[in-house]
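Q: In case you want the letters, here they are:
There are 2 protein chains.
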Amino acid sequence: MAKAEKLVFYFGGGKAEGIRVAKTDAERRMILGGKGAGLADMTAAGLPVPPGFTISVQNCEDYYRHDRKLSAELKKQVMENMAKVEKAMGKKFSDVNDPLLVSVRSGAARSMPGMMETILNLGLNDKAVEGLAKKTNNPRFAYDAYRRFIQMYSTTAMGLSKEPMEEILHQAKKKAGVKTDPELNAEALKELCEQFKKFYSDNMKGQPFPQDPYEQLWGAIGAVFNSWEADKAVTYRRVEKISNLKGTAVNVQTMVFGNMGDHSGTGVCFTRDPNTGENVFYGDCLINAQGEDVVAGIRTPMKLAELGKLLPKAYKQLCDVRVHLEKHYKDMQDLEFTVQEEKLFMLQCRTGKRTAPAVFRIAVDMVKEGLLTKQEAIARITPEDIERLFYPQLDAQTAKSATKLASGINAVPGAATGQVAFTAADAEEMAELGQKVLLVRKETSPEDVGGMHAASGILTATGGKTSHAAVVARGWGKCCIVGCEALNIDYETESMKVGDKIVKQGDFLTLDGNTGDVYLGKLPLKLPEQPPAYQTLMKWCDELRRLKVRTNADTPYDAENAIKMGAEGIGLCRTEHMFFDTEERRLAIQEMIVAETVEARKAALAKLLPFQQSDFEGIFKAMNNKPVTIRLIDPPLHEFTPKDDAGVHKLSQVTGISPEKIKHRCEQLHEANPMLGHRGCRLCITYPEILDMQVTAIIKAAIACAKAGIKVLPEIMIPLTIDKKELAIQADQARALADGLIKAAGIKVKYMIGTMIEIPRAALLADQIAEVAEFFSFGTNDLTQMTLGLSRDDAGRFLPIYVASEKDGGKGIFKHDPFQSLDQDGVGMLVKMGIEKGRSTRKDLKVGICGEHGGEAASVKFCHRVGMNYVSCSPYRVPIARLAAAQAVISENLGKAKPAIKKAKKSAKKKTK
Amino acid sequence: MAKAEKLVFYFGGGKAEGIRVAKTDAERRMILGGKGAGLADMTAAGLPVPPGFTISVQNCEDYYRHDRKLSAELKKQVMENMAKVEKAMGKKFSDVNDPLLVSVRSGAARSMPGMMETILNLGLNDKAVEGLAKKTNNPRFAYDAYRRFIQMYSTTAMGLSKEPMEEILHQAKKKAGVKTDPELNAEALKELCEQFKKFYSDNMKGQPFPQDPYEQLWGAIGAVFNSWEADKAVTYRRVEKISNLKGTAVNVQTMVFGNMGDHSGTGVCFTRDPNTGENVFYGDCLINAQGEDVVAGIRTPMKLAELGKLLPKAYKQLCDVRVHLEKHYKDMQDLEFTVQEEKLFMLQCRTGKRTAPAVFRIAVDMVKEGLLTKQEAIARITPEDIERLFYPQLDAQTAKSATKLASGINAVPGAATGQVAFTAADAEEMAELGQKVLLVRKETSPEDVGGMHAASGILTATGGKTSHAAVVARGWGKCCIVGCEALNIDYETESMKVGDKIVKQGDFLTLDGNTGDVYLGKLPLKLPEQPPAYQTLMKWCDELRRLKVRTNADTPYDAENAIKMGAEGIGLCRTEHMFFDTEERRLAIQEMIVAETVEARKAALAKLLPFQQSDFEGIFKAMNNKPVTIRLIDPPLHEFTPKDDAGVHKLSQVTGISPEKIKHRCEQLHEANPMLGHRGCRLCITYPEILDMQVTAIIKAAIACAKAGIKVLPEIMIPLTIDKKELAIQADQARALADGLIKAAGIKVKYMIGTMIEIPRAALLADQIAEVAEFFSFGTNDLTQMTLGLSRDDAGRFLPIYVASEKDGGKGIFKHDPFQSLDQDGVGMLVKMGIEKGRSTRKDLKVGICGEHGGEAASVKFCHRVGMNYVSCSPYRVPIARLAAAQAVISENLGKAKPAIKKAKKSAKKKTK
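Chains as they are written, first to last, in my numbering: chain A, 136 to 1048; chain B, 136 to 1048.
Misleading hints may appear alongside valid ones.
Because identical chains share one entry, a pair is satisfied inside a single copy or across any pair of copies.
[Unchecked claim] In silico EDC-like links for lysine to aspartate or glutamate, alpha-carbon gap of 20 Å or less:
1. 972 <-> 960
2. 444 <-> 476
3. 448 <-> 397
4. 967 <-> 902
5. 465 <-> 564
6. 860 <-> 952
7. 885 <-> 874
8. 946 <-> 867
9. 444 <-> 397
10. 883 <-> 642
11. 798 <-> 620
12. 778 <-> 561
13. 785 <-> 719
14. 227 <-> 677
Honestly, the hints are just simulated from the structure, not real lab data.
Only chain A is shown next, with the shape it has when bound in the complex:
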């Protein structure tokens, strides 16, 4: 018979079986859970950990596979390990005179709200409680322990309602004439135990409260496993996109008591200050208390340092533990400890959560201290750490006490508060008056960008994380909640109904972009500061990375902002937003659209020319000496048409064309699938005069800047190319025009002409296209849409099901939303092919990316691997791209080692042949 698999891992007395289950900390956490791995680590390191054992994650899977039953083999191994604990403690689990008590705790690889936390004092029963009372000579302590156990077991493990038990406790205090729990004496507590047991029996179909410690234990273990699938835990995993975890472990550990008098105590602490990152020992503790008392907030805990005065020996030991663990984990740790009669016990050790500024301070300090290399420090930072540095935040405590109006999709994190405006125009007007505004719309369109820019936050009733509102807001790092379906907006009355509440224009709301929650009223926000350590760390990133990081910016304001964020150029300057800037511009572009002759179209374009030229001059100045990629007009013309009668009327006045004709023309522009319609360079194929105007504006601006001594390198980018000849026609036209202007100006101005690769055919025929294009910029937003046949605007109806895992009610087809993180298998294959083919005909082809993916870490790393020259993303994503580009180099360095080993193996193999 094969040896049974090891399901339970013992720790105690300086040895931990769990330490050998895997090589890395991460792998160990996957098997033992975070808590179990920490206990094993601490035990193995010789730290004082009460003995116990960890029931591995696998058992949780088995539990669900076997219809929520614990296997005989598991029970057998648990009992064997309990015997070891008994031996170590010199006590018996079922000894009614001197019972061994244990705690039972859940512990997945990541801590998770909604999962069962802890059951303490397990092993007590009607007889053992008496034994404990005698042994400790402290009946109050014993009955208090027992009533706590019954309460925790009933509610936490068996899921009985908490309120009735609290009510029983309340009545007991009333009866005893006392106000707080500690005031209840042993008798009262004993009485309480009886009442609790009766409550248990009444609510468990007459079953008495279990008296057999093992029955208690099986119940508690099962309860931990059941909590893995509790609604709250499932929801948390879905929201946090946790899909790689298979269950939770269970930790059974000898109880120690911090509430055995003044030489006992308990505390939680961090090895460094989790708020500032400062290298000081930080925490709270209580004398004569149990862990839950610290958390419950009944007594005010004291600063950790005071423990040094009261229990100097234990404190000294704790300080040693701190140093030891930081050396081991090379990271700040979050610890739980108990002192039982002057003896220190460590109960938990895990990587500590910290504020964004602390993340950077700790990483940089640890490099200075020699604990980490620079590369290790960089590798540790996450994109979210950077995000958190830049967004105003809503305090969780503040939020709790506020009135939540509704919840939507958390499209762009951060928080915003302001007065509601229901139209872009109103938003602009209110902002001009100095008001903070939140733009609230059913959905947004390019015409709204003015108002969106003026607003502090954006809230829409429809759309997903990649809707127009979300994409534009993300570009500006502006708090945005979309798909908030509870909003019933009525533009007529300038108000919205949300449930039974009415919100009117001018009312204050507060948006929490981190959670997607919308609150009534004006809540205070806080803005995290960027600490010096952040700058230091980003400098290290810049020294390491090879991939350049540019930004997507359409205005001098954006450009300047992006430079502050570390941008090295503009990778995508969209020219069409400029057309909406003022009514004059809007009318000119509309005039162009309804023009009935080439001459009329040219006349309308001539009006736009000076605007565009000055826009470009502003951007060139802001980006002095840095490359600027300008994309020619891209969206379909119907995005520019007047949207209401007033607009039509105005346009009719300007053009002399009848409103009917204008309406007809606008209707004509309607498309069944605008994404695949008359847009991009197709516009300049049919209306070459648009290209003429835009190229003229670009080159004239460059000439003007050059004359003013500003170095300019405009890169003219033609969008939506599908064919070499299509590109050549426009490139030739642009070059002829540009060269003529430059020659006439008598000044040297360099420029490049390239194209976006955003349609599969362009990637497939990139070798041909590169014969004309001097650079490629992969427009992975559209490339994703075309390659997957997936409209960003419509995918909301089914894509979430594709992305969500089976456990979360989805199908788990995609690991990530392909609009957020590049689909490396499919779209990535086209990108790789496009680069290789492109460089096969033009060796020095410059290649970048300018889709949303350019600011997403995994995608940026992909761009590095396939040999791009740069990524371009919205200003607020620039630091994330810089980080990811540096991390890509680190991964590459790690990867280099492996092939060397493989090679060695290969050559060894050869030799043996």
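Since the structure of chain A is provided, determine the placement of chain B on it from the hints.
A: Relative to chain A, chain B alone:
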């Protein structure tokens, strides 16, 4: 000095310089034009051709390059060749006593309406006409020749108006008191010449009519070149998609005269009957007449055989020419000849136009006669030859005298006549009463298919060649005109305004799908018959081809029809059309859509199940023993929703859901880009019960058929796949269900599960997808849309400009409309990749195509080359696919010879090393 290029090619006296310019007839035609090549051929073959010379096509290009001027070198070479002609004829071009007269004719590689045809008698002037009169002793003949020349030169070469000259002629006849031209005597004709010359001078800014024969000649040559760019010729080339021709040649040839008395004559003839294809000598001739008299129809020509009685020697010679030319060209020829005083002269020889039945008869007969091999016969047939066999036709003569109402895009050829219906329901109703109906709509949608099927022809105001109307109509081979913008349809009043005409429901119209013209009234149509030779030739194709040909058919009717057309299976059975068949079905699918619970959805689907099952049984029976590929539901749900209040009301009655809720649900289904939205297998990912219903219907139908002894091979096809797991989820679900049903039935039924490859990602990851799919069917309609980022429905606004050549006002970016002929460079690369990758993981993967391209010859050949197993197309395209598949084998055989040569060269190279 380098020798000047040869620009002019002499023919005469049994020798023709043009015969050596190229190896193949086709290449020779590109250089000399069709007429020039024919004259060279006939001359070289020793046939009696009046000497002359051909000015090659290249000169036409040069002419345009040099600002419409004839080069000195060309003039020099023309004069040298004229000297040769003079020598051969023993006459001088400018001899006023016995002038050498010539004809000047255009001749491109293809004959083209709108180009200058002929100028006769060039070389005459005021003096030469007197010389001719004396020499022939026939002043009337001489002056008639002169007045004809002046008239032709003025109008044809110089572009003067025809009517005034006809009026002068009319006045001359009036003055002479005669009725016909031949009655005018020499004096009157001489007077007429003077009047014509005056008219010329008056209209040419005082310039006198040219007297110098060379001046006349240069003018005539220039006029031929100018006519190449005449509007009518340019339009013709655009309409016929002729883009490979670079210009026209000019033929200058000694005049011969069939009007020199009763021993002279002229005629046009075909070497076989162009109407039936019968192997008889066929033609018309006139004694004592010139060529133009035969065409003009002033005198009634006689049958060719009668010439044998009147001019037996010339006739005998002509019969020899016929045999000789058929042997040379291996094809039926169209000849022009003149007999001048008993001497036969051949003036033209070209491949003769013929009816569709004649095409097949001639090809098959020539194989039987040993003139052609079977493969040569097959290679000669064009797809259009087959099309013409099947479509009812409107007689050109009938059309001429009818009232044209409007013109649209000729989407599906053929003709149809019937009474107008403006709604699908009316069309169905009228058809049930036995009326012939034309369905006239602004545009059509899937809900209209019933009415479309009932109609004889379809006319829409919007859309292009690949709109819904066009695609569906093409599938049925049903005459269809789309994009007929002049129609102002008012559904309310059931009428339309077209210009100043009103057409009401029930009025008769006639559609000519070949031209796109719409006529008022009920015009007579004719239906070509399929001759036995067609069946013979298709049998040869079937013997030769390896590619299987299936059909796209959704009903037993279509299936039966397709089998008659030679289909070997169904490659695409769309299941969604079935949902529109009756109100009951429509309501059931709508009920499914608005269902608020899974149960309600399942209940609605249960109603559809028996319908679908009986549909499939019908199709399986029709296709007995042949494979049937059934595609699961594909279009987005909003295509099925009720389109008016009545429909909403009805659905509300059935479901008990309020009309408001129904409308809201329907609005919710709106998509920004439905093509990239919630459709295809995405529907069954979100609503797996739809797949259950459809698979159950398919398998139950197969079981029922199998029990009835009908062999069935259902191939279940999952559309719009983008990922292996997405497919696997559905394939697993379908297999579990199917296997269960088959097991329960206790009968053996085989089935396959495969997928459409119609999204780029599926082609890119085909190796993974083939691990699940047992077959691939390339949906090249959608694959083209995604790969090119081009919506079929919207491309009309710019794609024509992409496809049209520069000369025709376009940009010449694409050679063909990629929706009509597969984009082999781009989409084709994905198809090739998909097949190779797919077969890398599943060697025996069955691969087909089911887009519109499956019935287009060039695309079918591509499918053969990339190793597909079958193509599938609409029933009426099946014969075209069979032909193209056979022609692909022929091309392959031709191609095989070349690599063999290369190999030989390579090995030779090796040896020399």
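Q: State for each hint whether it applies.
A: Now the hints, each set against the structure:
For the homomeric pair residue 972 and residue 960, the shortest alpha-carbon distances inside one copy (18 Å) and between copies (14 Å) are both at most 20 Å. Taking identical chains as interchangeable, the C-alpha atoms of residue 444 and residue 476 lie at most 20 Å apart only when both belong to the same chain, with a minimum of 15 Å there against 141 Å between chains. Taking the shortest Cα distances, residue 448 and residue 397 sit within 20 Å of each other inside one copy (14 Å), while across copies they are farther apart (142 Å). Taking CA atoms no more than 20 Å apart as the test, residue 967 paired with residue 902 passes in both settings, with 12 Å inside one copy and 18 Å between copies.
For a Cα distance limit of 20 Å, the shortest separation of residue 465 from residue 564 qualifies neither inside one copy, at 53 Å, nor across copies, at 83 Å. In this homomeric assembly, residue 860 and residue 952 come within 20 Å of each other (Cα to Cα) only across copies, at 15 Å, whereas the closest approach inside a single copy is 34 Å. Only within a single protomer do residue 885 and residue 874 lie at most 20 Å apart by alpha-carbon distance; the minimum there is 10 Å, versus 68 Å between protomers. Taking CA atoms no more than 20 Å apart as the test, residue 946 paired with residue 867 passes between copies only; the shortest distance there is 13 Å, against 49 Å inside one copy.
For the homomeric pair residue 444 and residue 397, the shortest alpha-carbon distance inside one copy (13 Å) is at most 20 Å, but the shortest distance between copies (143 Å) is not. Proximity of residue 883 to residue 642 under the C-alpha cut-off of 20 Å is found in neither arrangement, the shortest distances being 56 Å within a copy and 71 Å between copies. For the identical chains of this complex, residue 798 and residue 620 are inter-copy neighbours only, at 17 Å across copies versus 31 Å inside a copy, given an alpha-carbon limit of 20 Å. For the homomeric pair residue 778 and residue 561, the shortest alpha-carbon distance inside one copy (16 Å) is at most 20 Å, but the shortest distance between copies (37 Å) is not.
Taking identical chains as interchangeable, the C-alpha atoms of residue 785 and residue 719 lie at most 20 Å apart only when both belong to the same chain, with a minimum of 11 Å there against 50 Å between chains. Neither within a single protomer nor between protomers do residue 227 and residue 677 lie at most 20 Å apart by alpha-carbon distance, with minima of 60 Å and 89 Å respectively.
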